[in-house]
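Participant: Chain by chain, the residues run as shown.
Protein chains: 2
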Amino acid sequence: MVEQQEKDSGIRPLRADARRNSEAILNAAAEVFDTLGVEAPVKVIADKAGVGVGTLYRHFPQRPDLIKAIIQKEVDACADAAMVLVANEEPVDALAKWMQRLVDLVATKRGLGPALHSGNAAYQSLPDYVFGRLTPVLSGLLDAAAASGSIRSDVDAKELLIACMRVATPASEGDVAQARRMVALMIDGLRMPRNG
Amino acid sequence: MVEQQEKDSGIRPLRADARRNSEAILNAAAEVFDTLGVEAPVKVIADKAGVGVGTLYRHFPQRPDLIKAIIQKEVDACADAAMVLVANEEPVDALAKWMQRLVDLVATKRGLGPALHSGNAAYQSLPDYVFGRLTPVLSGLLDAAAASGSIRSDVDAKELLIACMRVATPASEGDVAQARRMVALMIDGLRMPRNG
DNA sequence: CGATTATATGGAATCAGATTCCGTTTAGCA
DNA sequence: TGCTAAACGGAATCTGATTCCATATAATCG
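Protein chains in written order, with this note's numbering: chain A, 1 to 196; chain B, 1 to 196.
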């Protein structure tokens with residue numbers, strides 16, 4: 001009975017129909033989240049995927065599991081984008097551009113922001129993953145820019161990350177351009193020597 | 001101690017028991033929201049107030065009505081605080097201090113932030129009220145500081161207001177001090193001459 | 001290929017919380 | 001004190017989330 005660790009990550013071979021359904025659910029959920037937001041009824045997703053709700057729950061026992069599966073790729077891509085920027089831009093420009101890239105991520109994946117800041121304990125794995133992946137990236141960008149003397153060095157990466165993601169979270173009020181401007185404002189703040 | 005005005009358009013005087021219950025519900029809700037957040041079950045509030053759910057709904061047909069009633073006083077106080085600051089501080093300091101005052105408001109009234117940014121159409125009256133009240137205040141502070149040459153003048157008041165309130169919204173991650181620092185960062189951004 | 005078995009499925013049943021409805025109670029008033 | 005409109009409480013209803021399990025099926029084996 002040593003079969004605990006076969007939750008995912010491919011150690012266990014999924015049956016073909018299960019794999020197919022899992023993918024259908026993922027596609028349906030991505031579409032529904034973009035349309036109705038993360039709070040969309042589970043039934044809607046199941047119907048669109050052509051499966052029963054029981055099947056949906058078998059694959060994704062918690063709603064955050066579903067969200068996480070959908071955005072993981074996007075988050076990874078965003079993290080990777082920093083590499084390219086670092087290689088081709090001045091440190092402070094790399095920082096500024098990456099943070100705008102972050103705005104795009106949050107603005108595009110409409111579910112991400114709300115799910116991230118919901119405060120619901122059940123959603124914990126999501127912020128854990130996202131911040132765990134992105135904080136080191138931002139931290140590196142900040143250090144590089146600080147080392148080049150373009151910005152001050154007294155700002156905590158995770159703190160800034162959270163603030164930016166909150167500002168970028170779409171809702172009734174506000175749009176992407178607005179979020180961009182406000183994030184740019186924070187970057188300008190970084191350029192300012194520490195004030196008393 | 002302004003007398004309770006009629007809550008909706010009617011000019012009808014409330015019966016004594018109704019007024020009493022309305023107040024009890026308000027007190028209970030304020031307490032429950034602070035403890036469990038705005039999503040707390042209606043039943044909990046009704047029980048704590050010692051009334052039936054029907055009575056609660058009679059007084060506050062929509063949850064936002066309840067939230068609005070609770071925070072209205074706080075929002076007004078925050079708006080009024082600007083007057084004092086303007087009279088006693090340099091324009092840019094008045095601006096900075098008022099924005100920190102705003103952080104306190106959002107951080108303290110735990111329900112405010114989430115309700116404000118929920119995007120739920122039923123909650124529309126809340127942002128309408130809050131932004132309607134606070135945007136002119138911030139706009140005035142920004143204009144004064146810009147006129148004194150301390151900050152740039154290309155930032156939209158409502159945009160900045162929304163951004164600050166989002167940053168200040170409490171959740172699992174983050175605390176008041178963190179929100180303060182991030183808002184201070186934005187203010188530093190305002191001090192920076194417009195960059196290309 | 002057919003039998004066997006562990007997996008996976010669908011949707012009915014159950015549960016939780018929101019909202020409505022209506023028979024009963026009560027404040028206000030003559 | 002009696003009358004009436006206002007207000008009350010909570011049962012009934014509705015909506016959507018989550019669980020459960022009898023049925024179906026992919027994979028494996030002889």
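None of these hints come from the bench; they were simulated from the model. Some hints could be false.
Said to hold, decoys possible - Reference excerpt, derived from the structure (chain B facing chain A, CB under 8 Å, subset only):
id, residue
1, Ser153
2, Val155
3, Val167
If you're wondering where the values come from, they're calculated on a predicted model, not measured in any experiment. Glycine included, C-beta positions come from ideal geometry on N, C-alpha and C.
Participant: Next step is simple, just say for each hint if it's right about the structure.
Facilitator: Each hint, compared with the structure:
1. Ser153: violated (13 Å)
2. Val155: For Val155(B), the interface hint holds, since the closest Cβ of chain A sits about 7 Å away, which is under 8 Å.
3. Val167: With a minimum Cβ separation of about 5 Å from chain A (threshold 8 Å), the hint on Val167(B) holds.
The structure fails to meet hint 1 from the earlier list, while all remaining hints are met.
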